Amino acid sequence: MPKWSMVIDLDKCVACQGCSIACRFENNTPIVPPSEAALGRSILWNEVFPLRHEEEGAIASDQAKFLTRPCMHCENPPCVKVCPVEATYQDEEGIVRQNYARCIGCRFCTVGCPYGVRYFNWYEPSWEEGLDQHLNPDRVSGRGDLEGPAVRPKGVVEKCTYCIHRLHKAHDRAEAEGRAFRAEDYVPACVQTCTGKARFFGDLDDPNSSVSQLAQSRRAFRLLEEAGTHPKTIYLHEG
Amino acid sequence: MRRETTYHPENKDTTAVLAPLRDLPNRDLLLWALLAGVVGVGVLAYVRQFILGLGVTGMNRPIYWGVYITNFVFFIGLAHSGTFISAILRIAGAEWRKPLTRAAEAITLFSLPFGVASIVVDMGRPDRLLNVIIYGRFESPLLWDFTAVSLYLFSSVVFFYLSLLPDIALCRDRLNDVPSWQQRMYRILALGWKGTPGQYHRLEKVLDGMAIFMTLVVVTVHTVVSWVFGMTLQPGWHTALIGPFFLLGAIFSGTAAVVIVLAILRRVYKLEEALPLSLFNSLRKLLIVFSIGWLYMMIAEHLTIFYGNMPEEMEVFWQRFTGDFASIFWLMVIFVFFIPLYIFLFRAKNSIKWMVIASILINIGMWLERYIVIIPTETRPRLLYELVQGAYTPTLTEWIITLSLFAGLVLLYAIFTRFFPIIPLWETTETLAPEEFQPRRRRIFGVRRRRKENA
Amino acid sequence: MSIGEWISAFFTVSGPGGIVVLFVIGLAALVYFWLTRWIITGGEEQKSDYDRIR
Chain A
45 MPKWSMVIDL DKCVACQGCS IACRFENNTP IVPPSEAALG RSILWNEVFP LRHEEEGAIA
105 SDQAKFLTRP CMHCENPPCV KVCPVEATYQ DEEGIVRQNY ARCIGCRFCT VGCPYGVRYF
165 NWYEPSWEEG LDQHLNPDRV SGRGDLEGPA VRPKGVVEKC TYCIHRLHKA HDRAEAEGRA
225 FRAEDYVPAC VQTCTGKARF FGDLDDPNSS VSQLAQSRRA FRLLEEAGTH PKTIYLHEG
Chain B
-14 MRRETTYHPE NKDTTAVLAP LRDLPNRDLL LWALLAGVVG VGVLAYVRQF ILGLGVTGMN
46 RPIYWGVYIT NFVFFIGLAH SGTFISAILR IAGAEWRKPL TRAAEAITLF SLPFGVASIV
106 VDMGRPDRLL NVIIYGRFES PLLWDFTAVS LYLFSSVVFF YLSLLPDIAL CRDRLNDVPS
166 WQQRMYRILA LGWKGTPGQY HRLEKVLDGM AIFMTLVVVT VHTVVSWVFG MTLQPGWHTA
226 LIGPFFLLGA IFSGTAAVVI VLAILRRVYK LEEALPLSLF NSLRKLLIVF SIGWLYMMIA
286 EHLTIFYGNM PEEMEVFWQR FTGDFASIFW LMVIFVFFIP LYIFLFRAKN SIKWMVIASI
346 LINIGMWLER YIVIIPTETR PRLLYELVQG AYTPTLTEWI ITLSLFAGLV LLYAIFTRFF
406 PIIPLWETTE TLAPEEFQPR RRRIFGVRRR RKENA
Chain C
49 MSIGEWISAF FTVSGPGGIV VLFVIGLAAL VYFWLTRWII TGGEEQKSDY DRIR
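Chains A, B and C supply the protein sequences, listed in that same order.
Note that our numbering has the first sequence beginning at 45, numbered continuously upward.
Note that our numbering has the second sequence beginning at -14, numbered continuously upward.
Note that our numbering has the third sequence beginning at 49, numbered continuously upward.
No lab work stands behind these hints: they were computed from the structure.
A quick note: this is a predicted structure, and the numbers were derived from the prediction, not measured.
Treat each hint with caution, since some may be false.
[What the hints assert, rightly or not] Restraint ranges, calculated between C-beta atoms of paired labels, are given here:
hint : chain 1 : residue 1 : chain 2 : residue 2 : range
1    : B       : P111      : A       : D189      : 17 to 23 angstroms
2    : B       : L316      : A       : E270      : 33 to 39 angstroms
3    : C       : T89       : B       : N266      : 40 to 46 angstroms
Ideal Cβ placement from N, Cα and C applies to all residues, glycine included.
With the sequences and hints as input, model every part of the structure.
Below you can see the structure in the form of structure tokens.
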């Protein structure tokens, strides 16, 4: 079974936020008004953060540093551990999924995730006029009744799914074309959009894939490695 | 005239204790209406929240748990008072606890439902509550919570009811001037209690057994509640000390609540004989021990964090000591430790007024303590402290619902005290000593008259 | 499946958790019902005296 993973090269990232924008259009992420955003309720499955400058005294770099952060899709996910109803679960290909139909909105997973990749629908999802006519109709097939880009109700948790609906579409397309499924057919929206070609996606178990080769790089690191979560979103630090 | 066929042990306070049940003054009805009004407003606020969504609260990313979860922990903690007094002190053989047990247990009985209500209020999809049963995953601390709290609630109801049983029979037999529906209620609830030695003997045995069980349940429940936080990786939460910390805090705040309730009952229902000053002195000593124990836990926790100086832990540490939550934190320390300890040591001996003041401060402080445990960690979560820093201001909806929960507790308690004796008459009688109740045959009428002559 | 897998599956799969809750509450209900009955029927051997008085 493939083990899907993403590698993000921070040296090439220009922090254009194209990934975040592509993600929210791909996944029908609800828009929140500015008052809600100020409160900290924006839903951004992929979020781009400016990093604080920690150096004092040393010559601080003028360059602002940014971090783009999707879900880590951990191999040992602390969010899955604490869900009381298995609304979030890890499938056989290593993707941590969210089932909106079963989620009871207890938000245990949101406080359990040490990376803060999870978001909650505080109100009924809504979109600006016009946008609601152009929602992505793709749907995810599988164990959950409502996953991925499906329009979710209020009161449930959502997060990055590595665009799993694209995985299922790639499988369907391969089947329709009468050929085998190729890992290169499956590309999340953020990887496809990235301006600086900084994001890579593929099967970590395949020694020939770009991700497994980049993961061996000297520059490779994972966030909070000491937490034991074994995240599969790998970063290459600048240098 | 119904011939009394049940044995009721003689108790010098029977008249005084039953007096509140014979009367329902208008000011009580007014109080109930007022409290019901507050509860009603809370219900309306909740309905609005149910329709619109949890956005009407102040919660956000990363503060996903706020006042509602604070209430949950606080109410479950309050509930521990009753079990501590009636179960744990029963096992310890502390005879002085006897007049208090029902009043304390009633706090347990009536605060647990509001603890559970707090959780339901906090859920994003309360309509899917049954998913926890249908799809329950036992790896989740919420399932341990659900099991433990449900068992605790159920067992508390049974324990309470069984301890109440002989006194329900007493009401059935003695309260002839109450409305007939009320008499029927006593008759049904009394389950045909006859007061035979065999029944008393078995009742005592079951209560002894349940006291041990309830003690185990109490320890489990609040530890499990704390593990909802302790099992995550968040700094300030992920500490082995959180179980004992919550447990001690619960017994502490619960005992203080008992002091407040007893003082009110004593004054309102004129129960000075049944609830003597010595009770308050005994509780005073307990509260001193708990207060110092609480300080010990705080020092152990924070000194360890400070000495280790781990960056993510220190972010939360400074948030509490000098950061956004400093004023709440220090207010809590003063309310929970400094002022009460001073009062207990130098003012509260033989003074109910000072005991109540200290206890009120303790309860306010302990609510703040729950807030301090929960929210600062969320404002500086493990990774996000580098990326995003959070802030939280509870909204009016949250305060209204919180207030209505407390109003509901007081309302249920007040109604209860007008229908059932708040002092366990059968347990506090001088003549009811276990050794005198051997299961031997005797005529029931004859026993009572003989006892009067002997007394 | 080995015993380790059984235990792991019990905790991680959805469903068994709900069964545990129902089992615990159901068992408690049975025990408490039985105990209450046991208490109330505590004096039945002595009832003969009372019946004769009537």
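Hint by hint, here is what the structure shows:
Range check, B/P111 to A/D189: Cβ separation about 19 angstroms, and the 17 to 23 angstroms hint holds. A beta carbon spacing of about 35 angstroms between B/L316 and A/E270 agrees with the range 33 to 39 angstroms that was offered as a hint. Distance hint check: the CB atoms of C/T89 and B/N266 are about 42 angstroms apart, consistent with the given range 40 to 46 angstroms.
Checked against the numbered hints listed earlier, the structure breaks none of them; every hint is satisfied.
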